[in-house]
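Protein chains: 2
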Amino acid sequence: MKKSYALGIDFGTSECRALVLDLVSGKEIAVSSSKYPGGKNGVLLDPKNPHVARQRPSDYHAAMKRAVSTAVKAAAGKGVAAEEIKGIGVDATGSTPLPVDEKMVPLGMKKEFKSNLNAQAWLWKDHSSAEEAALITAKAKRLRPEYLAKCGGAYSSEWFWSKILHCRNVDKNVFDAAYSWMEFSDYIPALLAGVEDPTEAKRNVCAAGHKGMYNESWGGLPDKRFLRALDPALADLRDRLYEKAYPSNEIAGGLDKKWAKAFGLPKGTPVGVGALDAHFGAIGSGVAEGALVKIMGTSTCDIMVVPKRKKLRDIPGVAGIVPDSVLPGYVGIEAGQSAVGDIFNWWVMVALGKDERLHKALTRKASVIKAGESGLLALDWNNGNRNVLTDPKLTGALVGQTLLTEDYEIYRALVEATAFGALRIVERIEEYGVKIRKVVNCGGIAEKNEMVMQIYADVMNRPMEVAKSAETVAVGAAIMGGHAALKKEKGYEKPEKIQKRVCGVKKKVFKPRAAEARTYKKLYALYKKLHDAFGVEKSGADLYPVMKELLEIKREASA
Amino acid sequence: MKKSYALGIDFGTSECRALVLDLVSGKEIAVSSSKYPGGKNGVLLDPKNPHVARQRPSDYHAAMKRAVSTAVKAAAGKGVAAEEIKGIGVDATGSTPLPVDEKMVPLGMKKEFKSNLNAQAWLWKDHSSAEEAALITAKAKRLRPEYLAKCGGAYSSEWFWSKILHCRNVDKNVFDAAYSWMEFSDYIPALLAGVEDPTEAKRNVCAAGHKGMYNESWGGLPDKRFLRALDPALADLRDRLYEKAYPSNEIAGGLDKKWAKAFGLPKGTPVGVGALDAHFGAIGSGVAEGALVKIMGTSTCDIMVVPKRKKLRDIPGVAGIVPDSVLPGYVGIEAGQSAVGDIFNWWVMVALGKDERLHKALTRKASVIKAGESGLLALDWNNGNRNVLTDPKLTGALVGQTLLTEDYEIYRALVEATAFGALRIVERIEEYGVKIRKVVNCGGIAEKNEMVMQIYADVMNRPMEVAKSAETVAVGAAIMGGHAALKKEKGYEKPEKIQKRVCGVKKKVFKPRAAEARTYKKLYALYKKLHDAFGVEKSGADLYPVMKELLEIKREASA
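Line order of the protein sequences matches chains A and B.
Quick note on numbering: the first sequence equals residues 995 to 1553 in my numbering.
Quick note on numbering: the second sequence equals residues 995 to 1553 in my numbering.
Honestly, the hints are just simulated from the structure, not real lab data.
Some hints here could point you the wrong way.
One copy or two, it doesn't matter: identical chains are merged, so the pair holds either way.
[To be verified] Calculated pairs, DSSO-like style, for lysine-lysine (alpha carbon to alpha carbon, straight line, at most 27 Å):
no., residue 1, residue 2
1, 1364, 1042
2, 1133, 1354
3, 1515, 1042
4, 1548, 1532
5, 1348, 1364
6, 1238, 1481
7, 1080, 1462
8, 1166, 1548
9, 1072, 1261
10, 1548, 1523
11, 1304, 1442
12, 1133, 1542
13, 1305, 1135
14, 1532, 1516
15, 1135, 1542
The structure presented is a predicted model; accordingly, all values stated were derived computationally and were not measured.
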């Protein structure tokens, strides 16, 4: 493949990152980021409803302008001219739907709706639509069980239709003013391509399939009859959404004049069809058959791929199984935990009321104690449970505290809880015949916190590898943006081949320690009891031994 | 009754308090306190074992000297001469046994044992003897079921025999060097009376009956055969303990010369037989038939009295039923929670790492939210459960936390947990036919924290009264010390009559609020589920609805 560069634009939960990547050497030429200016860490909250999490579309514009123009300028400073950047890949969080008008202007950017939270983007972690999710699940169970089989057996309150239906139920004004709704990861590529009619935007199959119940096997989006059973207004809306969704090796359009100027890039530069951030993160981390990629940040997303030719069973409790959603030619499996770093942040910044610098001190102290020594056991459900219970109406739990339990012991228990939750997902995927040969971690936590990685290795009793790049998501976006732009050129390469050259793991692999793994095996058995008692109807889980066994494990660990 | 004064000396968990009381007017002439100089808040801890809590006997001496001499001097300044102080009453925490030699010198005060934690006083809240308690319970169940019937069905790790047997098991040196063991509340009166042989000290029936399995119906202390079944060394020890225990209207002896000098009181001033602090606190709060007195401090003690002539059934799960242990002529009922203020202190000082001033700020914020609004539910077992489960191998639990849960919400949930635990005890006592007509609270928390009292009123759906005096325990000690000294004089009065004159409640009564009480009824039902799931074998408690109902109650409360 001849010398070429691509730009990856990654929209995370609190900032936009831009990266210029050398597609041949894998060198990261320039990277820049810009936080969303509004809300708390970029998120608009409702003090009366802890489930609400929204974002201002204008914040996306502002952060993107700054991040991309800075990266392009920095690349130029390193000898990569704007003209050498051949393609743009875009990813964003999701399901993060936003209502738009006929001209694809987000309602949240219009004067009359500026201060209305319902007119903004409904961030992935918004959990206000639990009732609607339950209704959709119940109706699908009766009318369209095949829909549920592809999304783990339950439709989530975090997803597209739940959120739109909730808007219809609580804010008819906004719902009626919305000509269409777009996933964040569709809105940005269409915006950059100068699309001015939301029905003409090329929607991505990744968000459509994982969050929108889109599947070619049943003709795309859910049919009108089903939508009518939820609410007739949704059936009407279907005509103003899309018929077909595209994989991210397709082009969404050429860069619009206005944005070309803002970025300092040539007009017409190809912009690829978008994807969800985690899925591009998986690509940037070298996802391949048998490798589980864990994107660990405020939440965690688990991604795997299975070649389409292999027969893949539906996996109950695992969020999504969607053809072509990660790599073309593969079925993408997506699972995840709805809060991971967010739980650690909760403890440090909300409960303890400190700033994020305390993470370091707590980690240092928590690293010294052994598995089981705190006597604590926690559940990782402070933001509900995405997998394998797919139930947003679950909350956190902590068991085992005495009068001497310290802040750092609780911190460690929360880390362990997320590791137990992660193990539960791994077990479920393997129970359904998908062998996991290695685990590659990426994202802020994998990068920054060695204790977390070591605990994950000990809890799962598997080595934890960490992706080489600190920018795996933007790298994945650049790979796919570049691939989409260049795939018809001579010497064209499949994404898998680019991955092999560009992606890799760090030298340091976190290996499970036998003694810790033995203790965690016992603790995990107790975690499953707690998990089932609170999370599984009629589980019959017996909690009577839990506190006693925790004390016994503590005694042994302290000896 | 003619003008007379008495001195009450009260040994709490962290300090000694001394009070000069006018037995006729009830006026508190002078009061003084002195903290135990050693350890953390007076308690010696073992960093390797969270269950250990010991105290230095020399600290008792030092604090008592300072507190009493100061109070006596202050009384003199107010015109009450030392000669007018007619009697001394003493109470102390318990079961707090300490090993002594043939001359009644505590081993912990001897050079060779000074730094040995096992040679010190074993503070009531020391929980290191759980194995031994379980053994005693098991043996008694088989051999002497009548012993258990009087102590709620299980012998506690906090009590006399568990601690002594644990010492025998872990530190033969100390056990062998101990000629006898004395309850803290026996050691002090004997010390003041100049007793120099522990077998000659008059032991109190309050500690003996509630903590030492002493009951006249089976001939005093447990018989040798039973003790031999536990350990032959205990059977030997029995000969060096005591045959008979006395109520606190008896005289232990006259004030010894050395202590008379240290206090500034006449030599020979009568010193009454001691009692446990809570029991004198109940007297000072006006305990009478139908009135439950709650002594609320680091832990809570619940005291009631039932006239001996009434038939009182044994109450399973309630710590102690002992004739004459509170007021002569009545059976004393003692129940309690092994941590209350200690749990709030844990949250503020250990988990949050702040100092005690934060109690105020957290209380202020927690007062503003409504019952159920936090969405949280906690168990009050950070220090085990004394009643009604009598199981030290239980720990704390917190359920319902989200990513927005604040420090003050957890604080309030911990307060509520202790209120639920208190209600569980009240229910149990009433289930066994003892009607509770009013609840009088005393102690630091009842004095200082109106939010706690209001939550207790709402949770129990009963008015909460607060004892008038802030010194109820020392008042009770002075009443009983004075009564013991003066009972043979002309115009002698029964303690009940002195109580009527001296004791009373504050004007402000905390009344239950209907809406809060309704919400707490729902929350208490969930508390019982948690309580039974973790605390009761084969309870079959179903926790699946708990998190969901907490969210629903939170939604309603926030609406």
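Homomeric proximity label, residue 1133 with residue 1354: Cα distance no greater than 27 Å: neither (47 Å within a copy, 51 Å between copies)
How would you label the pair residue 1135, residue 1542 (within, between, both, or neither) given a Cα cut-off of 27 Å? between (41 Å within a copy, 21 Å between copies)
If the cutoff is 27 Å on CA atoms, where do residue 1548 and residue 1532 land: within, between, both or neither? Let me know, please. between (30 Å within a copy, 24 Å between copies)
Go through the copies and call it for residue 1348 and residue 1364: within, between, both or neither, with a Cα cutoff of 27 Å. both (25 Å within a copy, 26 Å between copies)
Alpha-carbon proximity context of residue 1515 and residue 1042, limit 27 Å: This pair counts as between: shortest inter-copy Cα distance 24 Å, intra-copy 40 Å.
27 Å Cα threshold - placement of residue 1261 relative to residue 1072: within (22 Å within a copy, 95 Å between copies)
Since the copies are identical, ignore which copy is meant and state whether residue 1080 and residue 1462 lie within 27 Å (CA to CA) inside a copy, between copies, both or neither. Answer is within: at 24 Å inside a copy they meet the 27 Å cutoff, but 83 Å across does not.
Which holds for residue 1532 with residue 1516 at a C-alpha limit of 27 Å: within a copy, between copies, both or neither? both (23 Å within a copy, 21 Å between copies)
Intra- versus inter-subunit Cα pairing at 27 Å for residue 1166 with residue 1548: between (55 Å within a copy, 26 Å between copies)
At most 27 Å between alpha carbons: which applies to residue 1238 and residue 1481, within, between, both or neither? within (21 Å within a copy, 98 Å between copies)
Are the CA atoms of residue 1364 and residue 1042 at most 27 Å apart within a copy, between copies, both, or neither? Only across copies: residue 1364 and residue 1042 sit 14 Å apart there, 40 Å inside one copy, limit 27 Å.
Measure nothing new, just compare the shortest in-copy and cross-copy C-alpha distances for residue 1305 and residue 1135 to 27 Å and report within, between, both or neither. within (24 Å within a copy, 62 Å between copies)
In this structure, the earlier hints numbered 2, 11 are contradicted, and the remaining ones agree with it.
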